[in-house]
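**Student:** First to last, the sequence lines map onto chains A and B.
If you're matching positions, the first sequence starts at 1 in the working numbering and goes up one per residue.
If you're matching positions, the second sequence starts at 172 in the working numbering and goes up one per residue.
Think of the hints as simulated: they come from the structure by calculation, not from any bench.
Just so it is clear, the structure is predicted and the values come from calculations on it, not from any experiment.
Treat the hints with care, since some could be wrong.
[As the list claims (entries may be wrong)] So, partial list: chain A residues that the calculated Cβ filter (under 10 angstroms) puts toward chain B:
hint, residue
1, M57
2, A82
3, H141
4, G150
5, P152
6, M167
[Unchecked claim] Which bits of chain A does chain B cover? Going by a derived footprint, with three or more residues having C-beta under 8 angstroms, they are:
hint, stretch
7, 58 to 72
8, 103 to 114
9, 143 to 149
10, 157 to 165
[Claimed, not checked] Computed from the model, here is a short list of chain B residues facing chain A with C-beta under 10 angstroms:
hint, residue
11, S173
12, R239
13, D240
14, T328
15, M533
16, L536
Where a beta carbon is used, it is the ideal one built from N, C-alpha and C, also for glycine.
For reference, the chains in residue letters:
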Amino acid sequence: MITRRQLIKTGMAGSVVLLAAGFLASPQPDLPAASQGRLVFLQAADAQIIRSLAPVMLGMAGLALDDIVRGVDVAIAHLLPAVQQELRQLFDLLGNRWARRWLAGVHSPWAQATPDELAAFLQRWQQSPLLLLRSGFQALHALINAAWFGNPASWSALGYQQPQQVMGLLP
Amino acid sequence: MSLPDPVADGVASGWRVLDGAAQTQDLQLSCDVLIIGTGAGGGMTAEVLAQAGLDVLMVEEGALRTSRDFRLLEAKAYPELYQESASRKTADKAINILQGRTVGGSTTVNWTSAFRTPPETLAWWGERYGLQGLNPQAMAPWFDLAEARLGIADWQTDPNPNNSVLERGCQALGLKHGRIRRNVRGCWNLGYCGMGCATNAKQSMLVTTIPGALQHRAGLLARARVDRLLPAADGKTLQGAEGSLLAADGHGLTGRKFAVRARHVVLAAGAIGSPAILLRSQLGGAQVGRRTFLHPVVVSGAVMPQRIEAYNGAPQTVYSDHFMHTQPLDGPLGYKLEVPPVHPLLMGVTLSGFGAASAGLMQQLPHLQVVLALLRDGFHPDSQGGQVRLRQDGSPELDYPLNDVLWDGVRRSWLTMAELQFAAGARQVQVLHEQADLQSSWKATRAQILQLPLKPLLARVVSAHVMGGAAMSSQPEEGVVDEYGRHWQLRNLSIIDGSVFPTSIGANPQLSIYAFALRAAHHLRDALNRG
Ligand SMILES: Cc1cc2nc3c(=O)[nH]c(=O)nc-3n(C[C@H](O)[C@H](O)[C@H](O)COP(=O)(O)OP(=O)(O)OC[C@H]3O[C@@H](n4cnc5c(N)ncnc54)[C@H](O)[C@@H]3O)c2cc1C
Ligand code: SF4
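Using the sequences and the accompanying hints, generate a full structural model.
**Tutor:** In structure tokens, the structure reads:
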């Protein structure tokens, strides 16, 4: 949980929004999705958010969502504790049903939200006048894209491959 | 056949290398010269001092990774070799910063472009900051020496298609341009320099000066983060430094500590890194961390009719300095044009937009051509760069506000890049901004660029060139070190890395750091051997 004191100390432009979220945030997340196997950082509810958003963010269907969730988890595990803490706040916020509804504008729980609803949320945050919401969008964008395009399974659709003349010579 | 790994062989042959993660107790070490950080500045300094017979110890926060670890795989390379997994950001998150964090520092992952410091930059430092000793004639022998050491020479192979588009665009628009010299020996022209060079062709510190120092009995302690410098009781010198040993994941703490006693300390943790250590040591002073520069970079992507495969081939071989010279040095920001290598992960993360539009672009990856413009910050009176500060847990953060003078440069350089890409035959062009989309003509792109709102986290801004924050000066109160990197207050502390520059360089900085480091290190060598 974010304490008011922490929020005030972040001193970011737009922290007012998070402050409001701090009041809203209560320990009642949406129902957690089915278990994801062993994740280091992401909790079940966070994983569901990634599962719901990834196809809309990437504009692709039929994605290996478990791989993307795991990729996001690994990526976050390598970040600084201070950055992880910010991401914790972001996921807690999105996982909170009031914040989801009023800050993200997504009315159904993440698992049930329609692609249109999710796209509208992403666009609202992407284009928000508040820096903090734009940075929330950017964090999700970077994590999901890194998780997918870092995965060799994504490459054939791009027509990308590593240089064959050297790959066979690597240990 | 598999590729040779001379650095791993050297370690196996008994070089003095310690891995912080493997230590089962606290370490107490001593040496003549402690070098903190093993990048461009630290690597060069280590070799000069070790060759002179001094007992040198290098301490590096990152791990020792060698060519056998370099698998041309972004998802492996970024967490292992970069600060914050290649996602370090400025305080408002508007600029993504690439910096190395491994033995060899950023030189292990850099793109091998080698430029001497532009003479106008050196002249400006003379006039403006009293650093006349660093004039082009005085620096020439140090550039010669660095170039000889690192095989820096003209690149004889044809540019890859990504670079050729830049060249053709410059020709079509009548912009002055040239070919880039590179620090490589026997390069395979693969294009994966940013993930560590698997063939050891890139003459980074990892394969040149660091082995050179280790062969001269220097020591290396990797996965060890210096937390603070230790001042002596007199307040005028340092006793050494202390820090934490890092776990095998490269980030967690093992709970083990290390302390090093040294006659002399060289801070070479890079821009952001070196000021952070000073700040954590409460050796701040008003100037520390101030005027940190980035060469903020903006980007334009083009869909070309022909295959470009910007992921293959030497990443940067063509440049244009045309717009570095179209206005006064301290006027509206000048910009340098180059191209980046384009690999899926970094491209996916860097591309603006989401959903079907960005998927459509990613699926044309082989046809994607990308130009970047590097803005020359730190000369215009309103371009004061950023400030390094510490988070509560002691980790550094760079606060770099984007202001009007920068945004003006952003817009002008977008216009140039888009026009150039169309002139070189692009089918469609899109500058990287959250409200831009692919346009099919120069006219339409121009109209779009002119109305894009210039705001952080709408325009994509990135940087791979962090400089400044512990500036050289001719007067103690105006900077942190003198022109040889000697700290103005602490007599046995030098700073020898990219943090000493009083402005940005106005060209990719590695060779500037090498030359400055060689000059500073020879001076230090003579002083230590006398003393
Ligand atoms: C992807 C990329 C591409 C680039 N391409 C080019 C190019 O083509 N041409 C060019 O001229 N320049 C390029 N650069 C920039 C150039 O490599 C750097 O400017 C240069 O290496 C900086 O040298 P430095 O000594 O200041 O710091 P670095 O080389 O960054 O080294 C600093 C080292 O200090 C270590 N360190 C930091 N804090 C601590 C601590 N507390 N304790 C112990 N160790 C610490 C870091 O882990 C790092 O290894 C590129 C950089 C990147 C990241
Ligand atoms: S292009 Fe040359 S220097 Fe770069 S990674 Fe490939 S072989 Fe190494």
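**Student:** So, for every hint listed, does it hold in this structure?
**Tutor:** Going down the list of hints, with the structure as the test:
no.: 1; hint: M57; in the structure: 5 angstroms, holds
no.: 2; hint: A82; in the structure: 5 angstroms, holds
no.: 3; hint: H141; in the structure: 6 angstroms, holds
no.: 4; hint: G150; in the structure: 3 angstroms, holds
no.: 5; hint: P152; in the structure: 8 angstroms, holds
no.: 6; hint: M167; in the structure: 7 angstroms, holds
no.: 7; hint: 58 to 72; in the structure: holds (count 4)
no.: 8; hint: 103 to 114; in the structure: violated (count 0)
no.: 9; hint: 143 to 149; in the structure: holds (count 4)
no.: 10; hint: 157 to 165; in the structure: holds (count 7)
no.: 11; hint: S173; in the structure: 5 angstroms, holds
no.: 12; hint: R239; in the structure: 5 angstroms, holds
no.: 13; hint: D240; in the structure: 9 angstroms, holds
no.: 14; hint: T328; in the structure: 15 angstroms, violated
no.: 15; hint: M533; in the structure: 6 angstroms, holds
no.: 16; hint: L536; in the structure: 4 angstroms, holds
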